[in-house]
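Mapping the sequence shown onto UniProt numbering, position 40 (from 1) lands on 40, and the numbers just tick up by one.
Hint data in this document are derived by calculation from the structure and do not stem from the laboratory.
Don't take each hint at face value.
Between beta-carbon pairs, the in silico distance windows are [said to hold, decoys possible]:
#, residue 1, residue 2, range
1, Gln-259, Glu-128, 32 to 42 Å
2, Arg-407, Glu-128, 31 to 41 Å
3, Glu-154, Val-309, 48 to 58 Å
4, Asp-365, Gln-259, 43 to 53 Å
5, Lys-257, Asn-355, 24 to 34 Å
6, Leu-254, Val-349, 45 to 55 Å
7, Gln-113, Thr-231, 22 to 32 Å
8, Arg-384, Glu-248, 27 to 37 Å
9, Thr-16, Arg-407, 19 to 29 Å
10, Glu-341, Asn-148, 16 to 26 Å
11, Tyr-11, Asn-64, 48 to 58 Å
12, Glu-128, Leu-254, 14 to 24 Å
13, Tyr-19, Leu-62, 25 to 35 Å
Fair warning: this is a prediction, and the values are worked out from it, not measured in the lab.
Think of the CB as a built atom: it goes at the ideal place given N, C-alpha and C, for glycine as much as any other residue.
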Amino acid sequence: MNEQKEILAEYIKNITFYYENDQNPQIWYPMFYQGMFKEKDPNGWIKENNVIFLKDTPNNILYNRWFLSEYGAITALEYSSNGNYIIVGHSSGLIQMRHGSTGTVLCTLRNIQYPPKPIYALEFSLQEERVCYAACMDGAIYRIEIPNINVSTEDPPEFCIRADPALESMNTQFYGAPGISSSSTPFITSLASWKGDIIQILSFFENYLLVSIYPEPRCPALSLGITADQTKMVIGYGDASIKVYDMETQELDLTYKVQKLRVQFIPKKIQRLHTGQVCALRCHDQKVYMFASGAWDRTLRIWDIRCKVGCVMTFEGVNICSDSVDLNRDHCLAGSWQPTEALTVWDLVAKKKLNTIRVQNRRPDVDGEYIYACRYWRSKEFNRKGKYALIGGSGTSCLEVINLHNRYISCSYPVTGTILAITSHQERIAFGGTAPVLNIVSFHDPKHEQYNVDETEIDGSTWTPADEFQLYSSTDLGTFEN
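Construct all of the structure, not just a fragment, from the sequences and the given hints.
So this is what it looks like as structure tokens:
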């Protein structure tokens, strides 16, 4: 019995030593002895990141606004045109209007549906003040009128600095279709049918006007965009279709969709329509007919509304799985869910890949990029030419501001969880994701050179029909190639 115990004890000792030596090797030969092993701090990179990118620089983490985990992940973010407000969409269907510089909740919209449907995309209107559009998983596009709350972003009042739960509760309203909420009664209800689509216009209180556009059969609306002249709304759906609606009449103008049974008979090189759900869509802010889309079919497509048979350009080699497409001038930025070479820039004039951004100064312990969200940094003073890009995902554990010219990280902001949405206005950048926190940071590069104001540059917000030829004369429909 004692011998068995001795054998068992020796066996346990050997096994324990084996596992301990595997974690902390004990090198017995002095020739290659490296000294005492120090256990690596898993969060040590955060301190190094702060020293490299944030310490003694104008780059700061301004606010971390934590919220209840019941709200769900942040799936959509959008700054207003003047930067006074941030509209936040959650996976629980919650829509919040927050202060542009402090992130304090000013107003809340809750979905009356059960279970509530996530908000996947947000888009501000440039023509109508305080109007925002939200794409929901229930297949509806909600038109939301923001309350007229005038607050300063430079010198915010006290209620915009510190959150007040009581005030937040009082400013909570409800939205949905149909309007069955007992706390709100729609005073305008209009039902019409055009080409198999049902449009419902619902109004709640005096501060909210909601327009719902339902495709038939109903499928989730995953992405949306508004053309530069603010006359058309482009929506990407979960059934691989893209629909173009008239903003004034809510009538369906155009549908891009291929039947699944026909896809197998169309050669891949001449396919001009998406075959996977359209999860990313972006309209050009200057060219009124152009928009870009990305889907789960590993393609990036460029469209022209005047071309009714399909896209005008197809780029392969991307793996877009979220809202990670952006346009700036003649370039398209795309982020892919892959470990390396995930960020690419495409030239819309040469119709080819311009660059694959391989970041030079990223820390070596990153497992992969896996981009979920990427945007051009929106700053008319410092980034009109698209020099800086904002990317975030599930691999780097931080938001990165990347200089697309030299492929270096200009700034990095550590975060918790996965980043799903990014928006920016001038020096402020807001982002969020799976963690229950909204982050607002400031970015400034010491090499910034402020652009001179060019009065001749085209601005989509001031577009008029007389400018149509000037806006799009450089691109002839006949020159497009698939």
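Now the hints, each set against the structure:
For Gln-259 paired with Glu-128, a C-beta distance near 37 Å keeps the hint of 32 to 42 Å intact. Between Arg-407 and Glu-128 the C-beta distance comes to about 40 Å, which sits within the given range of 31 to 41 Å. Between Glu-154 and Val-309 the CB atoms are about 50 Å apart, so this pair conforms to the stated range of 48 to 58 Å. Distance hint check for Asp-365 and Gln-259: the Cβ-Cβ separation is about 47 Å, which falls inside the suggested range of 43 to 53 Å.
In this structure the supplied range 24 to 34 Å holds for Lys-257 paired with Asn-355, their Cβ-Cβ distance being about 32 Å. Separation of Leu-254 from Val-349 is about 25 Å and departs from the stated range, judged on CB atoms against 45 to 55 Å. For Gln-113 and Thr-231, the Cβ-Cβ distance of about 30 Å falls inside the hinted range of 22 to 32 Å, so the restraint holds. Separated by about 31 Å at the C-beta atoms, Arg-384 and Glu-248 satisfy the suggested range of 27 to 37 Å.
Distance hint check: the CB atoms of Thr-16 and Arg-407 are about 47 Å apart, inconsistent with the given range 19 to 29 Å. Separated by about 47 Å at the C-beta atoms, Glu-341 and Asn-148 break the suggested range of 16 to 26 Å. About 51 Å separates the C-beta atoms of Tyr-11 and Asn-64, a value consistent with the hinted range of 48 to 58 Å. Roughly 23 Å separates the CB atoms of Glu-128 and Leu-254, a value that falls within the hinted 14 to 24 Å.
Separated by about 46 Å at the C-beta atoms, Tyr-19 and Leu-62 break the suggested range of 25 to 35 Å.
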